[in-house]
Structure formats: structure tokens, C-alpha cells
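K.L.:
For reference, the chains in residue letters:
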Amino acid sequence: MNKVVAGADEAIKDITDGVTIMLGGFGLCGIPENCIAALVKKGVGNLTCISNNAGVDDFGIGLMLKQKQVKKMISSYVGENAEFERQLLSGELQVELIPQGTLATRCLATGYGMPAIFTPAGVGTEVAEGKEVRQFNGKDYLLELAFEADFALVKAWKGDTQGNLIYKETARNFNPLMAMAGKVTIAEVEILVPEGELDPDAVHTPGIYVHRIFQGTDYEKRIEQRTVRKRN
Amino acid sequence: MAGLQSIMALTKEQIAKRISRELKEGYYVNLGIGIPTLVANYIPEDMNVVLQSENGLLGMGPFPLEGDEDPDLINAGKQTITTVPGSVFFDSAMSFGMIRAGKVDLTVLGAMEVSDKGDIANWKIPGKMVKGMGGAMDLVASAKNIIVAMMHTNPKGESKLLPACTLPLTGAGCVKKIVSDLAVLDVTPDGFKLLERAPGVSVEEIKAKTAGRLIVEGDIPEIEVKKEVGSRR
Numbered sequence: 000m001n002k003v004v005a006g007a008d009e010a011i012k013d014i015t016d017g018v019t020i021m022l023g024g025f026g027l028c029g030i031p032e033n034c035i036a037a038l039v040k041k042g043v044g045n046l047t048c049i050s051n052n053a054g055v056d057d058f059g060i061g062l063m064l065k066q067k068q069v070k071k072m073i074s075s076y077v078g079e080n081a082e083f084e085r086q087l088l089s090g091e092l093q094v095e096l097i098p099q100g101t102l103a104t105r106c107l108a109t110g111y112g113m114p115a116i117f118t119p120a121g122v123g124t125e126v127a128e129g130k131e132v133r134q135f136n137g138k139d140y141l142l143e144l145a146f147e148a149d150f151a152l153v154k155a156w157k158g159d160t161q162g163n164l165i166y167k168e169t170a171r172n173f174n175p176l177m178a179m180a181g182k183v184t185i186a187e188v189e190i191l192v193p194e195g196e197l198d199p200d201a202v203h204t205p206g207i208y209v210h211r212i213f214q215g216t217d218y219e220k221r222i223e224q225r226t227v228r229k230r231n
Numbered sequence: 000m001a002g003l004q005s006i007m008a009l010t011k012e013q014i015a016k017r018i019s020r021e022l023k024e025g026y027y028v029n030l031g032i033g034i035p036t037l038v039a040n041y042i043p044e045d046m047n048v049v050l051q052s053e054n055g056l057l058g059m060g061p062f063p064l065e066g067d068e069d070p071d072l073i074n075a076g077k078q079t080i081t082t083v084p085g086s087v088f089f090d091s092a093m094s095f096g097m098i099r100a101g102k103v104d105l106t107v108l109g110a111m112e113v114s115d116k117g118d119i120a121n122w123k124i125p126g127k128m129v130k131g132m133g134g135a136m137d138l139v140a141s142a143k144n145i146i147v148a149m150m151h152t153n154p155k156g157e158s159k160l161l162p163a164c165t166l167p168l169t170g171a172g173c174v175k176k177i178v179s180d181l182a183v184l185d186v187t188p189d190g191f192k193l194l195e196r197a198p199g200v201s202v203e204e205i206k207a208k209t210a211g212r213l214i215v216e217g218d219i220p221e222i223e224v225k226k227e228v229g230s231r232r
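Sequence lines, in order, name chains A and B. Those letters in the first sequence? Residues 0 to 231, per numbering that gives the first Met the number 0, in order. Those letters in the second sequence? Residues 0 to 232, per numbering that gives the first Met the number 0, in order.
Honestly, the hints are just simulated from the structure, not real lab data. Fair warning: this is a prediction, and the values are worked out from it, not measured in the lab. Glycine residues also receive a C-beta, built at the ideal position from the N, C-alpha and C atoms. Honestly, I wouldn't trust all of these hints.
What the hints assert, rightly or not - No farther apart than 25 Å at their CA atoms in a straight line, the calculated lysine to any residue pairs in the SDA-like style are these: (1) 70(A) with 124(B); (2) 138(A) with 27(B); (3) 127(B) with 86(B); (4) 229(A) with 127(B); (5) 130(B) with 58(A); (6) 123(B) with 129(A); (7) 123(B) with 128(A); (8) 130(B) with 222(A); (9) 116(B) with 135(A); (10) 225(B) with 195(B); (11) 127(B) with 93(A); (12) 123(B) with 139(A); (13) 71(A) with 126(B); (14) 229(A) with 71(B); (15) 65(A) with 126(B); (16) 229(A) with 81(B); (17) 123(B) with 117(A); (18) 65(A) with 70(B); (19) 65(A) with 130(B); (20) 220(A) with 86(B); (21) 220(A) with 55(A).
To be verified - Computed beta-carbon distance windows for the label pairs: (22) 172(B) with 1(A): 50 to 58 Å; (23) 25(B) with 205(A): 30 to 38 Å; (24) 153(B) with 95(A): 23 to 31 Å; (25) 78(A) with 102(B): 22 to 30 Å; (26) 88(A) with 100(B): 36 to 44 Å; (27) 100(B) with 8(A): 36 to 44 Å; (28) 153(B) with 205(A): 47 to 55 Å; (29) 231(A) with 189(B): 50 to 58 Å; (30) 231(A) with 32(B): 25 to 33 Å; (31) 15(A) with 156(B): 16 to 24 Å; (32) 85(B) with 1(A): 32 to 40 Å; (33) 23(B) with 231(A): 30 to 38 Å.
Just chain A, with the same shape it has in the complex (with noise of 0.2 Å):
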């Protein structure tokens, strides 16, 4: 099976108005690149996008945000960026916040076959507001809904032709969860290699998941706080 496509343009070609994206990466650390890039330059809109963060200004999400491609996001922490700032109080853009865990697992229950799950984040906050609680061994829990997104767009360290995927690090966070919830999953990454090269003992995503695949160009994988000790 050959799940290879030429690049991030033919990757994101029926990717169209509308449609809910899931993006994986952790601020800036392993994000598609790639598929941004290539959503920026075909300029497709009113997208609602599910990711963790919002990227930067200048880049990630922050990209396709100052073009006004986003109509909602589904973020748990958005902070770094001053235009989803200024978009979000003045109207331009929905934004619905979310605890990190429950975005996660919310991702696991799509991929695992599951419609929800029962979490005790926000329980007795605003986040709860018009949520099922429900108490088990005397404990509050929140039901919270499976997602469901058209695309999914990840980044994987390396990824053979069939679409198992291996991540870097912590630059595995939310992808391995995002390729498995989309309903189109379309993976990039820095090396690709024929089928049979990777260790089955090693794969973190089947490529039962992927639909797509693609080895990525020019990652530019910026440090957004670069924090060193000095040399002596």
C-alpha cells in the first residue's frame, strides 16, 4: 500500500471553506509546517481548527490566523499571539477554550471508536456550564463529546510509505492523537522511507490512521522561548 503524495499542495488539495482541521504540535515544537504553509498560499477560509495552541504572530497557526482563514478555534492555551488577541475581543474570531487533557483524550476517544468520555477537569467552573455531570465513587465528572474533524494534519519525525509514523522527543504531544481522530489524516515528515524500514516495535501511529503522507521540506522548527545554561 502507497499512501504517498508529492508534496503539501497535493496533500491539502480538497481541503476547502469550511471545513474543521485538527493541527497537531505543541506551541511551536512539531507542528505541520508544511500543510500551514500550504493552506496559507491556497487561502482557503472559514476554517475551525482544533489545536493546542494558536502559534505565533509570525508563524504556525499565527500565519493563517493574520489572513483571516480561521472563523473558530478549539485551543487550551492561546497566549502567544497578539493578532488572535486583537480577533478574538473584537469579534472577528470564535474561540472556545478547553482543558489540555480534555483536548487530548477528547482526540483519543475519535481515534479509539469512543463518542465521549468522563473527565473531572472543569468540573465546578465555567467550563462545565451546560455539561452532564455525573458522579462515579463520589467524584464529579464532566462529559465531555469525541471530537469530529474533516482533516487532520500531523508531524511526524519519520514515516514510511504505507503511513506508520515515529515522533521526535516532545514533538510527539497531540500528533499521534490528531492522526488517529481525523477522518482524512495527513501526516508530514522529515524522513521517509520504503515500507519494511521501521521497527514495528517502534511505530507510535499505524498507518491504519494515515491517509496521506508526504516528506516534508525546509522545516524551519522554531524555538519559541530558547532558554541555555552559559558555557564555561
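Add chain B to chain A, keeping to what the hints say.
P.N.:
Just chain B now, kept in the frame of chain A:
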């Protein structure tokens, strides 16, 4: 320097150092952004403590040496970091899975407000700050033990330890202990219980700056503030 601080409120470093005395051998610990991060600097040399970073790492090490930064290796504050021997990576669902399942022994985080019922608010100021809760709601809803590191009052001098939070809650009835620049307090069913006070800070001052119910029983010892020692991280 140390002499000057000994008659004043605790510095952020001293708050972190006091919190480090709550660590125990074998603990898995999640440290939030800000003062909590500084706690890593005061883990005793001979104590095995594993730091969890909720973006998917157990065994967080110090910042990398200049030139060794790895964009694929960051902590929950998006800072470049390193691993330590025995470190392991995982996805965000497993990260919050281990938090939700109570595997993380201690969570330290900052707060804008705490109520005398243990409610915490630290994610939103309506109309002003709308950055999001990140992982804070998951952490406070599930952690076995939560210590809050905070300033006792806001810059205007108003108490941040309240009868009820005025800001949107992050979690209800979850804070167990507070280490502020003025005091160490437990959160009990009857309110804040004063355990220790910063050197030179009187019980009267703490009473005046605590708007929530405050329990004071017997003599309140001063927080031990020793000279800086070499840090591990």
C-alpha cells in the same frame, strides 16, 4: 543580602526553596510556570525526584548548554530543556492520563486567587486576559497534592487569599497548601490554617492581609531561610 531579606517577605526564590522542603524521595512532580519552575533549583542532591512536563516528558533536565538547544525538546512553558538518564516521552493523552489517574504525587502551581475552601483561580481575567487554561484545570482536578506558590497580596496590597474567588475558577476545593511571600498555610475545612510566617512578618500583618477565614493556633514559627546553597539544576 541574606540579612536584608531575613526581615522582609520571602523572595520568589525563597518561596520555591520552602516548597522544595515538601518534596519526598521518589516523588513524581509537575511544576507550573513561574515561581513553581524555580522549585527545580532546590531539589536536594541526594533525593530522587522525577519532574513531569505535561507536553509529554517524565525526567525533565536543566536547560541545555548554549548551542545544544533542540527544537523538538521543550517543556510546557515552551522552553528548551534536556532529558536526564531514565527520561521517557509520551503523547499528551497519556501525559494527562497519568495526571488524572493520580500517578503524579505533587503539583505546584501559581494562582491569582485562592479561597479559604481551596478553590483556585489562575487562568482568566474577563475582558483582559484570555490566554486559556492550558493544563491547569486537568492538574487541579486530579492531583493528589496541590501546593500553590503565590504572592499574598496583589500590587495594590489587596489580599489574594479570599473568602471566595472573584475570578473564574480553575478548580474547586482542590488546593491543599499555600506558600506565599508572607506565610505557609494549610487549607482546612475551617479555612486557612497558619503554619509558618516569613522572618520578621508578624501574625498581625498576615491576619490583616488574609481576607479569607484564618486560623491561628499557638506560636507560629518563622520559615527557615538559610543562606543560598548550590543548586542541582
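K.L.:
Could you work out which of the previously given hints the structure breaks and list their numbers from low to high?
P.N.:
3, 4, 31
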